[in-house]
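Engineer: With the sequences and hints as input, model every part of the structure.
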Amino acid sequence: MKIGTVTGSVWSTRKADCLQGQTFLVVETPDGTVVAADQVGAGRGDKVLLVTGTVAARFCMESPIDAAVVAILDQEGRHVSP
Amino acid sequence: MKIGTVTGSVWSTRKADCLQGQTFLVVETPDGTVVAADQVGAGRGDKVLLVTGTVAARFCMESPIDAAVVAILDQEGRHVSP
Amino acid sequence: MKIGTVTGSVWSTRKADCLQGQTFLVVETPDGTVVAADQVGAGRGDKVLLVTGTVAARFCMESPIDAAVVAILDQEGRHVSP
Amino acid sequence: MKIGTVTGSVWSTRKADCLQGQTFLVVETPDGTVVAADQVGAGRGDKVLLVTGTVAARFCMESPIDAAVVAILDQEGRHVSP
Amino acid sequence: MKIGTVTGSVWSTRKADCLQGQTFLVVETPDGTVVAADQVGAGRGDKVLLVTGTVAARFCMESPIDAAVVAILDQEGRHVSP
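Protein chains in written order, with our numbering: chain A, 1 to 82; chain B, 1 to 82; chain C, 1 to 82; chain D, 1 to 82; chain E, 1 to 82.
Hints were generated in silico from the structure; no laboratory data involved. Source: prediction; values computed, not measured. Mixed in with the good hints there might be a few duds.
[Unchecked claim] Restricting the straight-line Cα-Cα distance to at most 20 Å, the calculated cross-link-like pairs of lysine to aspartate or glutamate (DMTMM-like) are:
#, chain 1, residue 1, chain 2, residue 2
1, D, Lys47, E, Glu28
2, A, Lys47, D, Glu28
3, E, Lys47, C, Glu28
4, B, Lys47, A, Asp17
5, E, Lys47, E, Asp31
6, B, Lys47, B, Asp31
[What the hints assert, rightly or not] Stretch-level coverage of chain E by chain C, calculated; a stretch enters the list once three of its residues show a Cβ under 8 Å from a Cβ in chain C:
#, segment
7, 1 to 11
8, 25 to 39
9, 44 to 53
10, 66 to 73
Glycine included, each C-beta is placed from N, C-alpha and C at the ideal position.
Structural biologist: Structural data, given as structure tokens:
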């Protein structure tokens, strides 16, 4: 997964049927801008966890998407799980 | 997904049978040029949403493609869905 | 998909059984050199369409490959499908 | 797979249900920072093997993740298996 | 596929169960260092063909790996298959 920041969203009237009902967020990452389906109700300014590739579509929903926001980060700390 | 702009299309007489009937658009993205199957009737100059990888082939069609134009963007705003 | 140019081929006597019978072309792309299974009888100098990732293996054949040449381009024009 | 070093972890209260119970490590790699699900109890400073893409989710668990830490390296030597 | 050169191997005592019995080679490619499961008995200095992504795991074995050495190259020539 990658860490990114939500900067906005995109809108489309003319899209593939299978994309209906999805909210697409614009997420800035160190690797560039990604448009990702929102799975957690993220908003502008949120620091989020981004899943990309086939997995984004297969586990949480059944839409033809290749990127999904799957978590809003509380903090990015230095704590390591025991 | 990535945001790109349609700049043209490619033609091929000699191609794998499974590619018949597809329209392939040339899409310019920040990551370079991608050739993508058209799913929404996009044309030159359209700002589009591009899905890449396995998902492009699995959800909207059954052709051996790794990139698809799945939406024409209305606007890329700063509005965040509630 | 990516557009590339065939510059040669590679040979291997010692390879995984599942790769037997495949022709592997060396294809130069803007992203670097890729070795891809030939699906259309492409030759040196041909401008081709390259499919990468899982899709390359799943739709046209059943070999463990991650790149395939699936079309020889006639021309890369500026015509947009109606 | 890629070799990386664990530098910390991330926390999220608001995440997709399917991510519950996973520990997410921050791993630095030559290609940038990746957040990966821990499969081996790795901690800060460990040099680890990182699997990315669909495979990360399919073989060791069933969560919608695209990166997993699957091994802690003993040493990265120059020994080649016979 | 990518062409790379084997430079060594990595060892791990603490790893996911599903990785037992695999030999992991360090392969240098134009895109950086990759750790790949050996499928052909390659050794240090061998010029090899590297398959990456889901395909590496699905076709030749059933381990959670994302890269595999699937062939040792005889030569990288300029000959094009007829």
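Engineer: Honestly, which of those hints from before does the structure not fit?
Structural biologist: none
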